[in-house]
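Asker: Each chain is listed here by its residues.
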Amino acid sequence: MESFIATGLIGISLGTQYTLLALGFTLIFGILGVVNFAHGGFYVMGGYVAYYCNVILGLPYPVAVLMAMLSMAALGWLFEAFILERVIEDHQATLMVTMGFYLVMATAILMIFGAESPQFPFPVTGVWRLGGIYFPYANMIVLGACLAAIVFVYWLVYRTNIGRGMRAMSEDLPVASALGMRTKALFPFAFALATGLAGGTGALVTPILALAPHVGDSVLAFSFLTVILGGLGSVTGATCAAFIVGLIEAYAAVYLGGSKGALTLFALVLIILVVRPQGLLGREVRRS
Amino acid sequence: MNNRVPKSLPAEIRPSLFSGHDWIALAIVCLTFVIPFTSTNPQVLSQTNLILIAATAALGVYIMQRLDLMSFAVPSFMAIGGYTVALLSMKLQLTDVFVLAAAAFLMPALCAIPLGALILRLKGVYFVLVTFVLTEIVQLLLFEAGPITGGSNGLVGMPAVKIFGMELWDNPHVLLTTCGLAFVSFIVTSVFTRWFRSEFAAIETNDVLAESLGLAAWKYKAMAFSVAAGVSGLAGFALVNMLLTAHPSSFAPMSSVNYITYTIVGGKASILGTLIGALLLVSATDYFALSGEMSPGLFGLLIIVVTMVARGGVVGVVSGLLYRLAGQSPPLKNGEQDLGVNGEKGQ
Amino acid sequence: MTTHSLSAGALHADRIAKSFGGLKVFHDVSFTVPAGGLLGVIGPNGAGKTTMINIFSGRLGLTSGQVMLGGTRIDGRSTFEIAMMGLVRSFQHTAIFNGHSVETNLLSALRFSRRDRSVLERLSPLLDQFGLIDNWQRNAEVMPYGLQKMLGLTMALATQPNMLLLDEPAAGLEKSERANIDTYVKFAREEFGCGILLVEHDMEIIKRLCPSVIVLDGGRLIAEGPPTDVLSQPHVINAYLGGSDEEDSDVTH
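Residue numbers (our numbering), protein chains in the order written: chain A, 5 to 292; chain B, 188 to 534; chain C, 37 to 289.
Zero decoy hints are in this set.
Some, not all, of what chain B presents toward chain A, calculated at C-beta under 10 angstroms:
id : residue
1  : 305
2  : 312
3  : 317
4  : 321
5  : 323
6  : 328
7  : 481
8  : 490
9  : 491
10 : 492
11 : 494
The hints are simulated quantities; they were obtained by calculation from the structure and are not laboratory data. Since the structure is predicted, the reported quantities are computational estimates derived from the model, not experimental observations. Idealized CB from N, CA, C, for every residue including glycine.
Just chain A, same shape as in the assembly (with noise of 0.2 angstroms):
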């Protein structure tokens, strides 16, 4: 029972840290229409710009996590505007520069810092035990902050005027152009966020999961399964896409070991593509 509750607290937290990777993509998928290959390099780019700041800057690490975000969004907004915003007319060009930058992203990490997983601790040590339930204050507090961060992209996507614009762009683009939205300023924003989203993840987690050159790979594999569970573009769905995937992983991790918890879950998203292409709360697939 008590390695039930710790299993399902893991897989809590993962599914927190899934929301903010899948709250992103979804968002850049609602708004622009691209589907962002890069995804996986931002976060593990907020990784190594984290550890860079804190091990070898010295930097406290909720700096280093800010800096993260911040750097990611203002690389996030000038993709967007300089490349990105110039094919974005076209589907397959925009795969085709987001799968660019991502190698070439990959690449300059590889570069930089080596094949080879820096040591890159998170600064709080210690677990939280209640009878037999452990629980490491490092995933508690990421657990926090990534909460928090899901109630901040809520807000801004539910109570702000740029949220409103942003979700009636996601709805119909045409619509929200002719009522005089301005469309176009609103893409590298909203790029920004999400990339920025994905670089204070990756600041957060690779801490207590692994900081390696390609750990993007999975990442963008899971964000990929996440969305399609979720329905591409529906930001509730993508919210509880996440918590299923977090769960099924840490639970399949536990009791079915090896990597039959992602078998699960990819045969999982295969059934929900037969009997509901939209996803669990998306809407009619849409004629591209």
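Got chain A; can you put chains B and C on it based on the hints?
Answerer: Leaving out everything else, chains B and C in the frame of chain A:
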């Protein structure tokens, strides 16, 4: 309008099945048959082998591009083809190259039919996501299905394949097998894509219109997916045959990015682009000794550059230049010349 | 409903309704286009006219009711099946295969509907008059809008349908080009014996061509009859005045 002489229909010009680019590509692949007989340099042999396998695999991307679909599924079908060959030769002692090639084509092609029914309803980015997830699934299955696939050890110790009872075991012979598989793949791909070019072009440019005119678009999509899978399977055969091992790492999900890069950078409009892309990029990887470390970055940069400034890829740019030198305008998509008739309405 | 409506080739909508989620965009509409007949469809923007064409041509399913073509039920079938049964639509915006020549566009239409080149010979007076023969090898994408539109319409006719659904064929055409629509409709009926369902905003064209029209408003059929009678009915005028008034100034002409 009143005293105009009515014009009659211009005579029909039947375009030939193959375009110039098809012939050049087939000729280049044909020429590689010379290498196993003339060269014993292991470097030359292995480079040619790698280029041909890369080009054959990228044909899977090329075929799906006819429908404006970006497929990440190539490594999955390569794996199905490759493991089929490994299992047949190791467990059933089937080593005849023709039997194995047929199996390597048919097995993935058959698997693609139910899969296609599932995922070909999806368009654009949805298709991309699902094929990406598919390669991940196949990769995991290769590791998990240990009793069949050998798990993380792979299937080691394949016997050499035979042609008319003669073993093809040394390096030139392995390359010869690859040349044969590549040639068959290029023939199949060019005949298939050119034969149905009107259908594919229509689905690519405006599938809603094509269907409203009576075209059963799903049939052509299913066929394309199946043939793309079969051709990828042949590439898988060639790869497994070169390594004498079927191992999950040969079919890594991210390798699909390489095959896409070959097709896009070479020029996605013609089959020649895929071949030239594979030729240039595999050689570049080798020349700069970039293996592993830098080549993904180079590929990434090239993808961005080609997408931003040269949509036609290498072949598109070069043939555009050649047309300009010859003082002609480049042909329309289906190979007809734009005669530049001035057709502003004179009413 | 009546026996003649089920004669071969007639298009018959029987109490069709469609809702998206909870939103009802179509309420129990019934009407018939006889084989070889011509029925106009008018109504303010958002009345459900294009939705109706999407339903008939198989792009959208029905919530209730049925659509019959001749004696066969066609709702729920796929677009290409319906097209092969002889019901073909045109599109409101230009719909051609971009990047291909006029010739390739027309040949594709023939190929997909399994017709041979003799259809083109029959169409050649029309092709000539629209100026498509002059542009035979030209990239259709770079032609003027009017030419692209006539190409799209001619492609629909090249499939030799027995029922054509025309979705605002005159939209976007200059006044001088609109006579082409009259030519097209007459040609389709006289030379090909096509029945036509004509959705159109241009009331001049409707009055010139259609012996009978139906009026849709808010997804309901609010009037039917000869165009001049229908357009003088007060509730039809109200529907237009109450609806969005940007594009419907035609009604006052």
